[in-house]
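There are 2 protein chains.
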Amino acid sequence: MEAIGVEPGGTRPRVVDVPRPDPEPGEALVRTLRVGVDGTDRGIIAGDHGSLPPGEDLLVLGHEAVGVVETAPETGFERGDVVAPTVRRPPTDGGNEFFERGEADMAPPGATVERGIDGAHGFMSEFFTSPASSLVRVPETLACWGFLVEPVSVVEKALELARASRSSFDWTPQTALVLGNGSLGLLAVAALVGEFDVYCLDRRSRPQPGIDIVERLGGTYVDARETPLPAIPDQHEPADLVFEATGYAKHAFQSIEALAPNGVAALLGVPDSWRFEVDGGRLHERLVLSNRALVGSVNSGPRHFRRAVDRIGSFPDWFPASYVSRVVDVDSFSAAFEAGDQILKTAVEFDSS
Amino acid sequence: MEAIGVEPGGTRPRVVDVPRPDPEPGEALVRTLRVGVDGTDRGIIAGDHGSLPPGEDLLVLGHEAVGVVETAPETGFERGDVVAPTVRRPPTDGGNEFFERGEADMAPPGATVERGIDGAHGFMSEFFTSPASSLVRVPETLACWGFLVEPVSVVEKALELARASRSSFDWTPQTALVLGNGSLGLLAVAALVGEFDVYCLDRRSRPQPGIDIVERLGGTYVDARETPLPAIPDQHEPADLVFEATGYAKHAFQSIEALAPNGVAALLGVPDSWRFEVDGGRLHERLVLSNRALVGSVNSGPRHFRRAVDRIGSFPDWFPASYVSRVVDVDSFSAAFEAGDQILKTAVEFDSS
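Residue numbers (the numbering used here), protein chains in the order written: chain W, 258 to 610; chain H, 258 to 610.
Chain W with its partners taken away, still in its complex shape (with noise of 0.2 Å):
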């Protein structure tokens, strides 16, 4: 079967032969629908990160997938549902505690795999395998869009661990602040301006699609290059969220100068080393007197893939079709790889049906 490979860091991704694999116990063999293509993905290509499976010599790419089961013995799905794909397994030593109790997002380094990324294949393939238990139901009418489950999961997780940080007193937040409206940040507006006022930070010009989608959504786009991102509490609001999506380390930082007092950021992105000077008294001293946290947060388990799911379903109709920028088929798939600031979210289709 076809399946798109690449050895990180070296070649280009290529389209491969590769074996149809065959379902073991408990596993369902699953029909590829739609792969998403995030910066992950290009951070694997330009050799940033990412890991071969054991004895191989490339790596099938694509954590964010929808398929259609094709058969699947005693687990509970049928051939013909709809499933979204979980991206951490175990390592090849076995499985451990965090696998075992369903929240493999919270392994430690090391203590997992993750297919497409590091050290296990990905989706991009024509069929692939995966236990029952790291597959969550797509309804049949958000087919089309359960690539966006992953990415969708992956703002739950980081919003749950958010407000959890902040469960022990009664919080009431009104104000968010998505950092960065590139793929991640739109999915976070797009969760967000149910309950929040959203503000959403970048260094985008217009026209931009993205800085339209947030201003459909009932957000207000703030250009960093004239309001950065400390003096937001000044120039608008301070934020009783923030939810960073940009990787630049700054941020991490200049976050607590604009929450609110008991306040939380939640940080998703995964920089390179910078060293650089902060008022570290001052942000200390910020954090401590009103009761300020920071939130660190990766990947997401099944829990967030189900609420995931029930999210894409209260997106407005209009958002999915004007996020996805391209969806390209296997053929034509290097066009899904290309980046720019008019390309928001692609994907790569293997079956339409």
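Hints are computed from structural coordinates only; laboratory data are not their basis. Any given hint could turn out to be false.
Stated by the list, open to error - Listed next, the in silico EDC-like pairs over lysine to aspartate or glutamate satisfying Cα-Cα at most 20 Å (straight line):
1. W:K507 x W:D536
2. W:K507 x H:D536
3. H:K507 x W:D536
4. H:K507 x H:D491
5. H:K507 x H:E483
6. H:K507 x W:E514
7. W:K507 x H:E514
8. W:K507 x H:E534
9. H:K507 x H:D469
10. W:K507 x W:D480
11. W:K507 x W:E483
12. W:K507 x W:D529
13. H:K507 x H:D480
14. W:K507 x W:E534
15. H:K507 x H:D529
16. H:K507 x W:E483
What the hints assert, rightly or not - Covered by chain H, per the in silico footprint, the following chain W stretches (three or more residues, Cβ under 8 Å):
17. 357-363
18. 418-427
19. 519-527
20. 530-537
21. 550-563
Every residue, glycine too, gets a C-beta built ideally from N, C-alpha and C.
Model the placement of chain H on the given structure of chain W, informed by the hints.
Leaving out everything else, chain H in the frame of chain W:
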């Protein structure tokens, strides 16, 4: 009646004669037993923080008090009840939602005054009044150590926020690292040793009574001059919980390096402005990829006071008497404000009965 007052940053504290307060309806008149002294008091004397009550020319000090109810009509308290008062009160322009729901500790700066610290007289006087809702019962057997309820409550609130931040997943912490073996750090060690393997880091040399207490409690003292904070995971263990009680701003950031995956650092120190360089990219990445968190915590509320009463009851019998270096009467009060490596905790005694 006698009180100990100060002009913040001006005069040394002195014994002054002030009118005995009359309780308003809903308030209790409390005869003061003992009032503890901490770094905040010394900071007020030095002029680092603190402010006078409106229209007053000195501030009665003291925010760590225990006393005996003298009169408290229609409050649920009776003459002879031992009580500890919380610190925050509504500003003179009236209460707000934080006070209404018993969470004044979450009130932002400006929405509260603090008795003995900011804009309201403290408890270092023969008598004080307090709304009954701001008093917490202390068992008679703990009356002489009841001035520890306030500082222990500050520990309890920080632990509550830290645990809440980890409540969305299965968190089974084993190792705690307390930064600072000063008066607050030692209370944290005493609170944590029942549940955690506790390390306590400071820069003090033996012989020092705080080091002896850490070890007698079953904790491990770490000399930061030999093992700096970021080296603790390699030299000892990564910490599931860091409890920062130094006010040393670099600790807020180095804590991230000392945390285990999924760990949380509770920050309690209040440093001055201090610019320094950090590897912000690495810290940001470590927060994200291992789901780490930082939570700031200030002050404490009635529920933390109640938990503190229980906690003090669970301390080893030897602990309070070893921890409290000196209790002096009003005539010798200035000895209670002396600080030094051999002095852990001090208090002024107004009445011993």
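**Item:** Indices of hints not satisfied (ascending)
**Value:** Per hint list: 9, 16 violated.
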